[in-house]
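2 protein chains.
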Amino acid sequence: MRISERILNMPESPVRKMDGIASKVKESGINILHLNIGDPDIKTPDAFWQAIHNYKEPILGYGKSEGYPELIYAMQRYYKKFNLDFDYDELLITSGGSEALSLVLSTVCDYQEEIIVFEPFYTNYNGFADVTDVVPIAITTSSKNGFHLPAKEEITSKITPKTKAILFSNPGNPTGTIYTKEEIEMLADIALEHDLFIISDEVYREFVYDNLEYVSSASIDRIKDRVVIIDSISKRYSACGARVGSIASKNKELMKQILKICQNRLCTPTIDQVGAAALYNADQAFLDDVKEEYDNRRNLIYDELNGDPNISFIKPAGAFYLILDLDIEDAEHFVTWLLTEFNIDNETVMLAPAQGFYTHKEYGKKQVRLAYILDCNKLKRAAIIIKEGLKKYKELY
Amino acid sequence: MRISERILNMPESPVRKMDGIASKVKESGINILHLNIGDPDIKTPDAFWQAIHNYKEPILGYGKSEGYPELIYAMQRYYKKFNLDFDYDELLITSGGSEALSLVLSTVCDYQEEIIVFEPFYTNYNGFADVTDVVPIAITTSSKNGFHLPAKEEITSKITPKTKAILFSNPGNPTGTIYTKEEIEMLADIALEHDLFIISDEVYREFVYDNLEYVSSASIDRIKDRVVIIDSISKRYSACGARVGSIASKNKELMKQILKICQNRLCTPTIDQVGAAALYNADQAFLDDVKEEYDNRRNLIYDELNGDPNISFIKPAGAFYLILDLDIEDAEHFVTWLLTEFNIDNETVMLAPAQGFYTHKEYGKKQVRLAYILDCNKLKRAAIIIKEGLKKYKELY
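Protein chains in written order, with our numbering: chain X, 1 to 397; chain E, 1 to 397.
If you're looking for bench data, these hints aren't it; they were derived computationally from the structure.
Mixed in with the good hints there might be a few duds.
A pair holds if it fits inside one copy or across any two, identical chains being indistinguishable in the list.
Result set (DSS-like, lysine-lysine): computed pairs, CA atoms no more than 30 Å apart in a straight line [unchecked claim]: (1) LYS80 <-> LYS224; (2) LYS394 <-> LYS80; (3) LYS366 <-> LYS256; (4) LYS64 <-> LYS365; (5) LYS158 <-> LYS315; (6) LYS394 <-> LYS144; (7) LYS43 <-> LYS56.
Remember, predicted model here, so these are calculated numbers, not experimental data.
Assemble the whole structure, with the sequences as input and the hints as a guide.
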């Protein structure tokens, strides 16, 4: 029996492949500060649990393939707050943003067709592309200008007759970058001129700091039939384990085709959607508080790491990630070493090597992604461990 | 923007595509007895709800990609009852049997590679194959011999260098057929001789009547590294809306590769898995009672429909479906007519046209699938509506 090439060629998740090592480190009595994965430490709102604990039907039968209606209504109201208007049949509920991305790639691309991505990009885009036999074509962005987009010509030079879409996250994972209105308008122009879809992963929409203007791709009227919005409650409401995501698009034909795949997999879990509906219906105060908390963490981690001779980075304006350029040769080696060989008072830090966020691996070789998803006290300890660890590591290697 | 051919070519779910019509019929005040979909009316056990209502964590973070450990342990114990032995890393929890099937097809087949299926087969196999660019090659079985397998040569004649696996459900959906030990042994021989995987969809394992011997593909030792078992709590525990399925295989390399895809989509919902673990840990009595109930329904529907001049079928020995051969030209037309134009005391019946369960559509043109998932009183009324409806329909067309 031969296993498929598409899966054999698929890389292990750079975020998860060190989980085995981490388990052993924990067993040896070392506390790990996990900054390697975007799994927030913010409490899931009680509204979620209350809704679930109040929910009981005699028979937990199949739900609707498009999603739990109350959740779709709640999301319609949620989008209205951003002046985004989606009809009922322009929304589909999915098993997390993950399923949403897979469904869209399958529906937009045939075998070996291409999507434009901006590296470093959310690493799992690679995996979704592998499974769907789609080829990500990466345009490299640089830490030097905060990972903003290159000139239009550099982007269009990579477009071929096989290109079907541009895929990006905004606010950016792993960069924290917020694209300006000009950047979104430029992508809109490219989509129009080259007949492409825009797949806009906006799961970090709430996390925009410094009073920056946030421009959703869905707000650009002239490409409204080309835009597909990926969303999720995971980060927004600190409910990663509920696996509730969504697809929104004004392109009804596209949505109708995606619905066929949804019907084929029948439905997503009802109970988690009941919880998610309660979250979207809940008070805005939670989101405001969470944003303030992440902003504080961002300021703290910036103040702690800024100026360290072995680390360079630009303060990002969104999401809860940052990419650090380290003055070493091999960030993956450093991350493993930090996890297994270094600790302060029996505590160490786990980071994500950034190579997995690139197609051109060499550009990420000296970088790590840090998710500031722990409280300020822990982040402060983590910063010290990273700085001291780097100093020690550089003496050794 | 062009939508992918693979999704454009994907047929609408034959089980769900009439949902829109059904909604309108209901709005007009007609009660529909839904025998078109395997969505049981049996109460979901309280153990499920209790576990969920007792579960609360401060943060609903990501779960493990392979599944909730307590559920994996519970499934190991469950399989032991059938003398099937799976290590922890030989089990993966999925979003229903649906995701399980997609994951396995992606991992076993590359673009345009083939799987052998026996038609009529579970219609959604078509959709999973479309999305993964896999080609189902159907070998037709006949209602005349209860949809048992044809001779070995007929099966092997369809095997090409591109064939990677044989996929079937046993007990069968939509046929209710239980394969004999000889049939499973024959498939094992074919898998060995032609280097194929066996993808054995055993979600109806509990529903075997007439004291028939049930032979799981996983019990055949000489192909243990070739067998992949698809499972689900949906029918077993009447919890279709929980979306908890699983993959089990002694082929550790295969499981390792599937785990990579699971890591890429992060995890399945924790809460539903907590409920599922409670179900697998619960008393066997529920399963025994449910089986007895379905057996009673099977006997009733058999007695009611057997002998009708317009219906022919063989009494099936498993699952909760049967395929009826109708003495008409176009079963889909009849199903629509029955739903929209016929009722007795403002009540009608919805069936699934069988064409969607075939690759060679012409063989299913006069057939419907009936799911006996309503109680005996309703089934009795449904049988009368079907018989009277058929009589009337034949006068009209």
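Hints, verified against the model:
1. LYS80 <-> LYS224: Answer is within: at 15 Å inside a copy they meet the 30 Å cutoff, but 54 Å across does not.
2. LYS394 <-> LYS80: neither (52 Å within a copy, 53 Å between copies)
3. LYS366 <-> LYS256: between (44 Å within a copy, 29 Å between copies)
4. LYS64 <-> LYS365: This pair counts as between: shortest inter-copy Cα distance 27 Å, intra-copy 45 Å.
5. LYS158 <-> LYS315: within (29 Å within a copy, 61 Å between copies)
6. LYS394 <-> LYS144: within (23 Å within a copy, 77 Å between copies)
7. LYS43 <-> LYS56: both (24 Å within a copy, 11 Å between copies)
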